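Trainee: Now for the letters of each chain:
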Amino acid sequence: MAVVTTRQKASWSVANTIVALYALIPVLWILSLSLKEKSTFTDGHFIPRGWTFQNFVDIFQVGGFTRPLLNSIGIAVIATFVAIVIGTFAAYAIARLDFPGKKLMLGASLLIAMFPQVSLVTPMFQVERSIGLFNTWPGLILPYITFTLPLTIYTLSSFLREIPWELEKAAKMDGATPFQAFRQVIVPLAMPGVVTTAILAFIQCWNDFVFAISLTSTNSARTAPAAIAFFTGASQFEDPTGSIAAAAIVITIPIIIFVLIFQRRIVSGLTSGAVKG
Amino acid sequence: MAEIVLDRVTKKYPDGTTAVAEFNLHIADQEFIILVGPSGCGKSTTLNMIAGLEDISDGEMRIDGRRVNEVAPRDRDIAMVFQSYALYPHMTVRENIGFPLKLAKVDKATIKAKVDEAAQILDLTPYLDRKPGALSGGQRQRVAMGRAIVRSPKAFLMDEPLSNLDAKLRVQMRTSISRIQKRLGTTTVYVTHDQTEAMTLGDRIVIMRAGHVQQIGSPQELYERPVNLFVAGFIGSPSMNFVPGTIANNTVETTLGTIPLSDRIRRSLEGHKDVPRDVIIGIRPEAFEDLSLVDESRGKGVTFTAPVDILESMGSEKFAYFSLENAHVDSEHLAEIERDTGSEDMGTAQIVAQLDARSPVREGKGLEVWFNPDSIHVFEPGSGANLTAAE
Chain V
1 MAVVTTRQKA SWSVANTIVA LYALIPVLWI LSLSLKEKST FTDGHFIPRG
51 WTFQNFVDIF QVGGFTRPLL NSIGIAVIAT FVAIVIGTFA AYAIARLDFP
101 GKKLMLGASL LIAMFPQVSL VTPMFQVERS IGLFNTWPGL ILPYITFTLP
151 LTIYTLSSFL REIPWELEKA AKMDGATPFQ AFRQVIVPLA MPGVVTTAIL
201 AFIQCWNDFV FAISLTSTNS ARTAPAAIAF FTGASQFEDP TGSIAAAAIV
251 ITIPIIIFVL IFQRRIVSGL TSGAVKG
Chain S
1 MAEIVLDRVT KKYPDGTTAV AEFNLHIADQ EFIILVGPSG CGKSTTLNMI
51 AGLEDISDGE MRIDGRRVNE VAPRDRDIAM VFQSYALYPH MTVRENIGFP
101 LKLAKVDKAT IKAKVDEAAQ ILDLTPYLDR KPGALSGGQR QRVAMGRAIV
151 RSPKAFLMDE PLSNLDAKLR VQMRTSISRI QKRLGTTTVY VTHDQTEAMT
201 LGDRIVIMRA GHVQQIGSPQ ELYERPVNLF VAGFIGSPSM NFVPGTIANN
251 TVETTLGTIP LSDRIRRSLE GHKDVPRDVI IGIRPEAFED LSLVDESRGK
301 GVTFTAPVDI LESMGSEKFA YFSLENAHVD SEHLAEIERD TGSEDMGTAQ
351 IVAQLDARSP VREGKGLEVW FNPDSIHVFE PGSGANLTAA E
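In the order they appear, the protein sequences are chains V and S. The first sequence: position 21 = 21 (UniProt numbering), numbered continuously. The second sequence: position 324 = 324 (UniProt numbering), numbered continuously.
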């Protein structure tokens with residue numbers, strides 16, 4: 001047994017603090033900017049001298065940020081949901097069945113995940129324009145599903161592989177149809193994996209900028225990250241820093257809420273007791 | 001309650017390997033059948049085919065006279081207990097046991113009554129609201145049993161249900177499985193690789209090897225009249241001793257001395273044509289006795305003297321191990337059992353004798369060992385067939 005000395009504890013605490021600060025200072029900085037009055041942006045103080053929520057009010061009232069935010073939520077939620085449903089079935093097949101082309105399918109999905117999205121934007125722009133998907137929700141949902149599926153299939157299949165196959169055989173013997181066995185035994189056990197994967201997929205869709213900016217032209221489908229790029233000040237000489245900071249804080253909030261809600265469900269060891277040991 | 005008939009049931013995998021070949025078995029209603037054999041012998045595959053978890057490649061299986069080859073597991077009305085228990089970890093014990101009934105759309109009150117009854121039989125009543133994770137190995141095993149008995153299926157299938165328990169618990173559960181089966185009178189097929197379990201539980205035992213049935217019979221039959229080297233080596237603990245022998249004029253020369261062939265053995269040998277001169281002689285450890293403890297039948301027996309290598313005293317009896325020259329039997333039939341059990345005392349030079357506890361035998365000292373020449377088995381080395389197993 002390793003004895004943790006006070007000295008080790010102290011050095012670990014220091015290291016942890018440095019890492020935490022490194023990660024959090026930019027976020028706090030943005031928060032600080034979003035709360036500053038326009039005149040004090042450049043005063044160099046980390047803690048704002050003049051506090052105001054005007055930036056937040058502005059982006060919704062003047063900047064029209066409401067619609068992009070709704071687009072973001074709607075598109076990300078739908079894309080995540082579809083990707084999870086398809087991904088669960090696909091992962092289940094990969095984890096459980098031996099079918100021809102299984103390796104090819106896994107390889108292909110990995111290839112998609114690796115593919116630089118930038119190189120696809122131009123052809124997709126052309127395709128979507130010609131089939132009328134350009135600047136619509138489905139026009140963004142489709143590529144999002146495509147690019148989150150490899151992630152979902154990979155993570156979920158490794159989760160499903162951990163679930164003892166005998167549970168499913170037992171369910172069959174107990175009189176379950178294959179779907180009942182899947183629905184009542186496998187899915188509840190895979191829930192932590194599904195939730196974790198859903199959060200990852202949601203974050204991926206939520207954060208996307210490349211597709212959002214290229215495949216939309218108006219607020220009817222433009223998502224929040226893309227909308228931020230189009231922020232302008234009140235006049236052409238005014239810097240939209242405050243609005244951008246406020247919007248950045250706003251789009252961080254759903255992610256934080258998402259993780260806070262689901263972190264309790266992301267518990268490991270739910271399968272303990274299923275089999276021996 | 002059902003009879004199960006396997007008619008030349010065969011399992012071939014797509015890669016061409018045959019897991020089970022032409023398996024014939026008629027399991028009577030209420031019978032307790034054991035499938036036993038070393039790992040990879042096809043016993044679990046056979047069980048899975050009865051369950052419907054694996055397809056039958058050829059042949060026919062009938063439950064109560066109805067062909068079930070194409071029937072899904074859930075429609076066969078058979079319950080199965082898995083080696084790993086396969087309890088649903090997200091359900092309580094009550095939900096686990098009640099799951100088959102829930103799927104069968106039984107109403108809630110009936111489910112509760114039946115689960116309570118099953119829990120009573122298995123002493124699980126205090127644990128009904130726990131999750132499997134909070135149970136001990138023995139309790140989990142009982143929950144798995146509960147899930148099987150709760151819906152009164154036509155048959156129970158058990159796939160090495162006790163192999164994850166420690167030795168003491170295994171003996172306890174063995175008797176309780178036997179009691180439950182007798183009480184419910186449900187046809188049971190039980191897979192194990194443990195010959196003690198097979199001997200103690202089964203009405204009849206099926207010994208399998210590499211997909212082929214070797215012998216089917218009652219425990220006593222298998223013990224007394226094994227049809228070949230494999231069965232002889234598999235059944236019995238400690239295993240049967242094997243030594244090479246040469247037949248000459250009504251006697252057989254072995255490293256244990258010259259053994260006269262008894263009338264019974266001579267008659268059996270005469271029933272076979274082409275009995276080879278070189279044979280393998282099998283003799284059970286229980287057939288040996290310390291000469292000093294043998295009284296009236298002393299004259300009828302044969303003795304040999306050898307130094308005792310190792311002596312194990314079990315309290316009720318003693319096991320003496322001898323290393324003899326030229327006693328090594330090299331047979332593929334036995335090698336397979338050795339590989340499976342990891343034991344190296346079979347077919348090698350070691351001879352085990354089970355002696356009476358009163359024997360004054362000492363380790364390292366010589367001992368004169370007595371045995372009845374009628375208790376030997378004579379095996380044909382090539383095919384491994386027992387030449388003395390005739391009825």
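Keep in mind the hints are simulated off the structure, nothing from the lab. Be aware that one or more of the hints could be misleading.
[Said to hold, decoys possible] Some residues of chain S that are not near chain V, with every Cβ distance over 12 Å (derived): (1) Q83; (2) L87; (3) H90; (4) A144; (5) E325; (6) E363.
[As the list claims (entries may be wrong)] Partner residues are not named here, just some residues of chain S that face chain V (Cβ under 10 Å, in silico): (7) V71; (8) R74; (9) P89; (10) A104; (11) P285.
Because the structure is a prediction, the values reported are computed rather than measured. Even glycine gets a Cβ: it sits at the ideal position worked out from N, Cα and C.
Trainee: If a hint holds in the structure, say so; if it doesn't, say that too.
Mentor: So, going through the hints one by one against the coordinates:
1. Q83: violated (8 Å)
2. L87: violated (6 Å)
3. H90: Violated, since 5 Å does not exceed 12 Å.
4. A144: violated (8 Å)
5. E325: E325(S) clear of chain V: closest Cβ-Cβ about 45 Å, beyond 12 Å.
6. E363: At roughly 39 Å from the nearest Cβ of chain V, E363(S) sits farther out than 12 Å, so the non-interface label holds.
7. V71: violated (12 Å)
8. R74: Holds - the Cβ of R74(S) comes within 10 Å of chain V, reaching about 4 Å at its closest.
9. P89: Holds, about 4 Å.
10. A104: holds (6 Å)
11. P285: violated (33 Å)
Hint check: violations occur at hints 1, 2, 3, 4, 7 and 11; the rest are consistent with the structure.
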